[in-house]
Amino acid sequence: MRIFVVDAFTDRAFAGNPAGVVLLEDDGTPDDERWMQSVAAELKHAETAFVRLKDEGPLPLRWFTPVREVDLCGHATLATAHVLGGDRAFTTRSGLLTCATTPDGWVEMDFPADPATPIEVTEPLASGLPGVTIKAVAQAVSDVLVEAGSAAEVRALEPDHAALARVPGRGVIVTAPGDRPGLDVVSRCFYPSYGVPEDPVTGSAHCTLASWWAPRLGRAELLAEQASPRGGQVRAILDGDRVRLAGRAVTVLAGELIV
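Per full-length UniProt numbering, the sequence shown starts with residue 1, numbered consecutively.
Hints were generated in silico from the structure; no laboratory data involved.
Using N, Cα and C, we set each Cβ at its ideal position, and we do this for glycine too.
Any given hint might turn out to be false.
Simulated DEER-style distance windows between Cβ atoms [claimed, not checked]:
1) Ala254 - Lys135: 31 to 37 Å
2) Asp27 - Glu123: 49 to 55 Å
3) Gly85 - Gly240: 23 to 29 Å
4) Lys44 - Gly240: 35 to 41 Å
5) Glu120 - Trp35: 39 to 45 Å
6) Lys135 - Leu96: 42 to 48 Å
7) Thr102 - Arg219: 14 to 20 Å
8) Ile134 - Glu42: 16 to 22 Å
9) Val121 - Leu217: 20 to 26 Å
With a straight-line Cα cutoff of 20 Å, these simulated EDC-like cross-link-like pairs (lysine to aspartate or glutamate) come out [claimed, not checked]:
10) Lys54 - Asp11
11) Lys135 - Glu108
12) Lys135 - Glu158
13) Lys135 - Asp179
All chains, full assembly: derive it from the sequences and hints.
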């Protein structure tokens, strides 16, 4: 089986979010979830994508963190589309996802929006985000979104991962308006209960970020920076109940999986 490591949401190697991509031949064998989970644990990337190749129609796609399967992953979808040439459609646990190459060479993905509903601040959030002025908290399907007082607070945050692991759901998005010209949104994402203390760039989180910030900023198209140590940029367009996410990607490893 062919295997790749791709840095997603970046135009240079060793930045953005690395994802494993494993190409499964269409040989009629059933998916072995334990084997996929073992491969993902071996690679230790935030997500590893497994895509089954076939001649016609959308390709089955699944994503695994080092400890469990997830319902939606943006950066590993971008990585998979990048490996396969950019223009692809996938069947997933989150429905049909389509990817297309834009004229400037980015890969644009059509994802479901994941709007968040305001909730009260909980103790794990209050203790898990020291130094953050919590302006609002909201619950989406996948994550809890926390609006911070400023982008500077987001960038400087040193979270308590043990506390954040007690937050129900997949994880926590901490966000604020952008702090430089042309940048609309800054965020960081934490998923300690899924084996990912901080995710470098989280495509699926921008399904929530676009739904939150587009009406507040008064525009549907946003440029967002995920301010992790590796960092990366996502273009997000809110379009009704869908979000179009675009990013670039760089392949850094290509090889053969022999077990």
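### Task
Against the earlier hints, flag every one the structure doesn't satisfy and list their numbers going up.
1, 6, 8, 10, 11
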